[in-house]
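Enquirer: Below are the chains, spelled out letter by letter.
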Amino acid sequence: AQSVAQPEDQVNVAEGNPLTVKCTYSVSGNPYLFWYVQYPNRGLQFLLKYITGDNLVKGSYGFEAEFNKSQTSFHLKKPSALVSDSALYFCAVRPPNTDKLIFGTGTRLQVFP
Amino acid sequence: GAVVSQHPSWVICKSGTSVKIECRSLDFQATTMFWYRQFPKQSLMLMATSNEGSKATYEQGVEKDKFLINHASLTLSTLTVTSAHPEDSSFYICSARGAGQGVRNEQFFGPGTRLTVL
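Residue numbers (this note's numbering), protein chains in the order written: chain A, 1 to 113; chain B, 114 to 231.
Check the hints yourself; a few may be wrong.
As a list, the in silico DSSO-like pairs of lysine-lysine whose alpha-carbon atoms are at most 27 Å apart [said to hold, decoys possible]:
| # | chain 1 | residue 1 | chain 2 | residue 2 |
| --- | --- | --- | --- | --- |
| 1 | A | Lys100 | A | Lys58 |
| 2 | A | Lys58 | A | Lys77 |
| 3 | B | Lys154 | A | Lys22 |
| 4 | B | Lys154 | A | Lys77 |
| 5 | A | Lys77 | A | Lys100 |
| 6 | A | Lys22 | A | Lys100 |
| 7 | B | Lys168 | B | Lys154 |
| 8 | A | Lys49 | A | Lys77 |
| 9 | B | Lys179 | A | Lys49 |
| 10 | B | Lys177 | B | Lys154 |
| 11 | B | Lys127 | B | Lys179 |
| 12 | B | Lys127 | A | Lys100 |
| 13 | B | Lys133 | B | Lys177 |
| 14 | A | Lys100 | B | Lys168 |
| 15 | B | Lys179 | B | Lys133 |
| 16 | A | Lys100 | A | Lys69 |
| 17 | A | Lys58 | A | Lys22 |
| 18 | A | Lys100 | A | Lys49 |
| 19 | A | Lys69 | A | Lys49 |
| 20 | B | Lys177 | A | Lys100 |
| 21 | A | Lys49 | A | Lys22 |
| 22 | A | Lys22 | B | Lys168 |
| 23 | A | Lys100 | B | Lys179 |
Examples of chain A residues toward chain B, derived with CB under 7 Å [claimed, not checked]:
| # | residue |
| --- | --- |
| 24 | Lys22 |
| 25 | Tyr25 |
| 26 | Tyr39 |
| 27 | Gly43 |
| 28 | Leu44 |
| 29 | Lys77 |
| 30 | Pro79 |
| 31 | Thr98 |
| 32 | Asp99 |
Since the hints were made in silico from the structure, they are not lab data. A virtual CB, placed ideally from N, CA and C, is assigned to each residue, including glycine.
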């Protein structure tokens, strides 16, 4: 079955430190990969995507993600976290030849001052 | 660009009544719209996919007679929760994919509608 795993329910990091939010997937073929952020009682905001090309993708608000095909991972990263980055982050995969997005369970990022 | 709105943002209704939620793409034409349901502290679960002018495709386990979806135009899809019950209380989120080059590859999400059924 196709799936997306976000192994950490919560990630805590001090402001100014680098952050990583992990995502691995199990999908056949070459899927499109996405990261979204959700603030309380809000819909999802698009951060970045990988379709093809350079494995390091840069997105909104200073976030970036690295695609690793051999490890089927797409970890989200930011060199220096801000308190305002605290939110719920979702990794999503769009399998080839479909319109559907498969979401991970989400990781809550808490950045402490 | 690529803004999706939902209305209402929250609604409280009595058990047994029906509630309609609207999803609009404001600055692009959405050939495909998706409806998701999100339970507290959980991920988004796809309920159905709708293409403009055709019947929605429901995911397994989603009652199509209870969750009526209409996608009558390229900018509007509606979800009607019929005979709502407390267990239907949830956060409903729509998303839209466009037909143009610039918005072809991702879904743009609405802000969500919180439904509370008393």
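Enquirer: Just to be careful, I want the Cα atoms of Lys154 of chain B and Lys22 of chain A compared with a cutoff of 27 Å; is the pair within it?
Expert: holds (18 Å)
Enquirer: For the pair supplied as a hint, Lys177 of chain B and Lys154 of chain B, is the alpha-carbon distance within the 27 Å limit?
Expert: Status holds; Cα separation ~25 Å.
Enquirer: Going straight from one Cα to the other, do Lys22 of chain A and Lys168 of chain B come out at no more than 27 Å?
Expert: The given pair, whose Cα atoms are some 37 Å apart, is violated under the 27 Å limit.
Enquirer: Report holds or violated for the interface hint on Asp99 of chain A, using the least CB-CB distance to chain B and a cut-off of 7 Å.
Expert: With a closest approach of 6 Å, the Asp99 of chain A hint holds.
Enquirer: Assess, step by step, whether the Cα of Lys69 of chain A is no farther than 27 Å from the Cα of Lys49 of chain A, and give holds or violated.
Expert: holds (15 Å)
Enquirer: With chain B as the partner, please determine if Lys22 of chain A meets the hint condition of a C-beta pair closer than 7 Å.
Expert: Lys22 of chain A check fails; min Cβ-Cβ to chain B is 15 Å, beyond 7 Å.
Enquirer: Is it true that the CA of Lys127 of chain B sits at most 27 Å from the CA of Lys179 of chain B?
Expert: Roughly 16 Å between the alpha carbons, so the hint for Lys127 of chain B and Lys179 of chain B holds.
Enquirer: Using the nearest Cβ pair, does Tyr39 of chain A come within less than 7 Å of chain B?
Expert: Violated, because the Cβ-Cβ distance from Tyr39 of chain A to chain B comes to roughly 10 Å (cut-off 7 Å).
Enquirer: Would you mind confirming whether the straight-line C-alpha gap from Lys179 of chain B to Lys49 of chain A stays at or under 27 Å?
Expert: At roughly 34 Å apart (the allowed maximum being 27 Å), Lys49 of chain A and Lys179 of chain B break the hint.
Enquirer: Would you check the hint for Lys127 of chain B and Lys100 of chain A, treating anything up to 27 Å between C-alpha atoms as holding?
Expert: violated (33 Å)
Enquirer: Should the hint that Thr98 of chain A touches chain B count as held when the rule is a Cβ pair under 7 Å?
Expert: violated (9 Å)
Enquirer: Could you grab the alpha-carbon distance between Lys49 of chain A and Lys22 of chain A and see if it respects the 27 Å cut-off?
Expert: Distance ~15 Å between Lys49 of chain A and Lys22 of chain A Cα, so the pair holds.
Violated hints, in rising order: 7, 9, 12, 22, 24, 25, 26, 29, 30, 31; the structure is consistent with all others.
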